[in-house]
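Chain order of the listed sequences is A and B. Heads up, the first sequence is in this note's numbering, so the first residue is 14 and it goes up one at a time. Heads up, the second sequence is in this note's numbering, so the first residue is 36 and it goes up one at a time.
For the record, the hints were derived by calculation from the structure and aren't laboratory data. Glycine residues also receive a C-beta, built at the ideal position from the N, C-alpha and C atoms. Hints should not be assumed to be uniformly reliable.
[Claimed, not checked] Okay, the calculated bits of chain A under chain B, using three or more residues with CB under 8 Å as the criterion:
{"no.": "1", "region": "166-178"}
{"no.": "2", "region": "196-208"}
[Said to hold, decoys possible] Simulated pairs of lysine-lysine, DSBU-like, Cα-Cα distance not exceeding 35 Å:
{"no.": "3", "chain 1": "A", "residue 1": "Lys397", "chain 2": "A", "residue 2": "Lys469"}
{"no.": "4", "chain 1": "A", "residue 1": "Lys130", "chain 2": "B", "residue 2": "Lys68"}
{"no.": "5", "chain 1": "B", "residue 1": "Lys68", "chain 2": "B", "residue 2": "Lys89"}
{"no.": "6", "chain 1": "B", "residue 1": "Lys68", "chain 2": "A", "residue 2": "Lys131"}
{"no.": "7", "chain 1": "A", "residue 1": "Lys225", "chain 2": "B", "residue 2": "Lys68"}
[Stated by the list, open to error] Derived contacts from chain B toward chain A, CB cut-off under 10 Å, selection only:
{"no.": "8", "residue": "Met87"}
{"no.": "9", "residue": "Val90"}
{"no.": "10", "residue": "Val94"}
{"no.": "11", "residue": "Ile146"}
{"no.": "12", "residue": "Pro151"}
{"no.": "13", "residue": "Val178"}
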Amino acid sequence: MLSAILSPEWIVREAPVALIVLPLMMAVITAILPRERLAWLVVMGTTIACSVLSFIVLREVLANGVVDYALGGWEPPLGIALHVDGLNAPILFLISVIGALCTLYAMRSVTAEVEPKKRPPFYAAFLVSFAGLLGMVITGDAFNVFVFLEVSSISTYVLVAMGSSRDRRALNSAYNYLILGSIGATFFVIGLGFLFMETGTLNMIDIAATLKAAGGGSRVVQVAFAFIVVGLGLKLAMFPLHLWLPGAYAYSPSYVTAFLAATATKAALYLLLRFVFTIFDPSADFIISSLTWLLAVLGVVGMFAASLQAIFQNDARRLLAFSSVAQIGYMLLGIGMGTALGLTAGYTHLLGHAMTKGALFLCLGAVWYRYGITRVSELNGLMKTMPLTATAMIIAGLSLIGVPGTIGFISKWALLTAAADNGWWWAVGAIVATSILALIYIGRMLEAILLQEPPKIDGETVARNEAPLTMLIPMWTLALACIYFGINSAWPIELAGRAAAVLGGGL
Amino acid sequence: MLTMIAEHFNYGVVIILMMTGLYVVFASDNMVKKLVGLSVFQTSVFLLYITMGKVRGGVPPIIEPTGDGGHEPVASAGHGEAAISHASEQASHGAEHAAQAGDHAVQAAEILYSNPLPHVLILTAIVVGVATLAVGLALVVRVREVYGTIEEAEIDAINYAFDLEGYNPEGEIR
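Start from the sequences and build out the full structure, keeping to the hints where you can.
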């Protein structure tokens, strides 16, 4: 039945390009709309349309393996190609669905966080960022990646800065993010320059073929690799390059935080996978050693350092932001193993963490919307004042720790298996140890939510004040997804397995 | 050694600019100066790309019109500088058009062109750089309005003091 509705041939054929063009064009329209509600409707419609389109693309990829689209009819390598395969199709779907859920949530949250006259342009900036993320994931042209990376980043700086009507530190954070993000993008583009010097082409498939024909290429390729990894490392908040992330997540509007936490770093991580494994030759010595000694080691150091920092945060959103850095460490560890099992595990963690962290940030946003609080110590008795939100937060929190029955457990178990299979027992120990650290920082939140009594104001207990329905639906969708995929894990594992297959099954 | 340095002079310029820019970004405490450093850093990359596409002795990549030369001067006039020298050359050969037609095809194949692609790419990157700078400066203006300073150390001190004072549930401080 579904195929009958979704299968007019032209939709299937044009879906990849529509994923970029639709949100970009709608952003222009949104920016000039006079009414906030109208702007919200346009964004909602666009994100839902993109979810459907990306589902169509995903279905095509699952059926046929690869979807290619030559922009303007110019065949690659001359023209810019869109290239979707098992590696990026799930991420496209993830970005657009999370975008749609967050937009539903935004209907109420934005009214509390952004000044009225700024709301239509705010929504427009969101759509540009959304389009940029989809673009950098879908494109098959290396320079195009840079362009979309910057399209999404620049609009994200604006989005983060919009948190200033709630907390002025948003401005400072947005500025730091801008400086570090631009340095990252520039490093990336230097790397692309060296890659172009070596191969004379920008099409990803063509670069890979040229490098292979040249037997891995000269030292220029190694320089290109170094620049690209550092550039993307800044964008994906790899451990010592993560300094922009806590501020950007903690002070931006909750709508933006949830969307960024679930998608932005994931898209950059996808690019890292794409470049390291399919564009460069992953069996080259310098890549194997940098996977092991750079990505895996920094991943593990990040897991410990960021988890420890998370334990000592007072602000719940900063706590979760540091936890994000730690979770990126898990993904880097999986990638650093370089084996098919490790890649599958890292990719599963990517998908799972997007749902988990998205749900958690949405819950915290709802708490702020009702009570104006963000500190861990102020979450006291949330179970009595906002039971539904608190329950969703608990589910997502358990998934973050990796409790059996949640998606967090599935991916952490996969990581443990992969590490053991690889003989990396130190990594097994690190995963277990940092899960205990996660138990401590999430435990602090859970303790306040479950065991403490609600605060009293003037001798009266704070009244129960549940979040509005449009906020409950997105957070519960993600929380239930955490449980559903934790019990019925076939789908994420299958998608991750296909992604690992695209990456050449590892080394 | 000297010849090597001389031959790679352009890369030397790129590296010096790049390091200068990065140093300013890291060492400067003033938000505007940091943005200046960032711009210098990005500009060095533009130069890297431009220098990459230049072929020594290469001409702008515009394909010479070939074929019968009857309408040649008109056709080449529209093709910019590169064509001009050839157009005059053709004009001097005047009546020998027919004989020349074959020669032109050979000549076109032998002309050394610069690579236009990096130059076009860097046009895009320049636009990106301008947009980043604009957003950055706009942010600095807002920071100045809210904090009253654009020195990062002072802003950090203000934020730190705010953290120590504790959280004020009423005051979404502005």
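_Output the indices of the hints that this structure fails to meet, ascending._
7, 9, 10, 11 and 12
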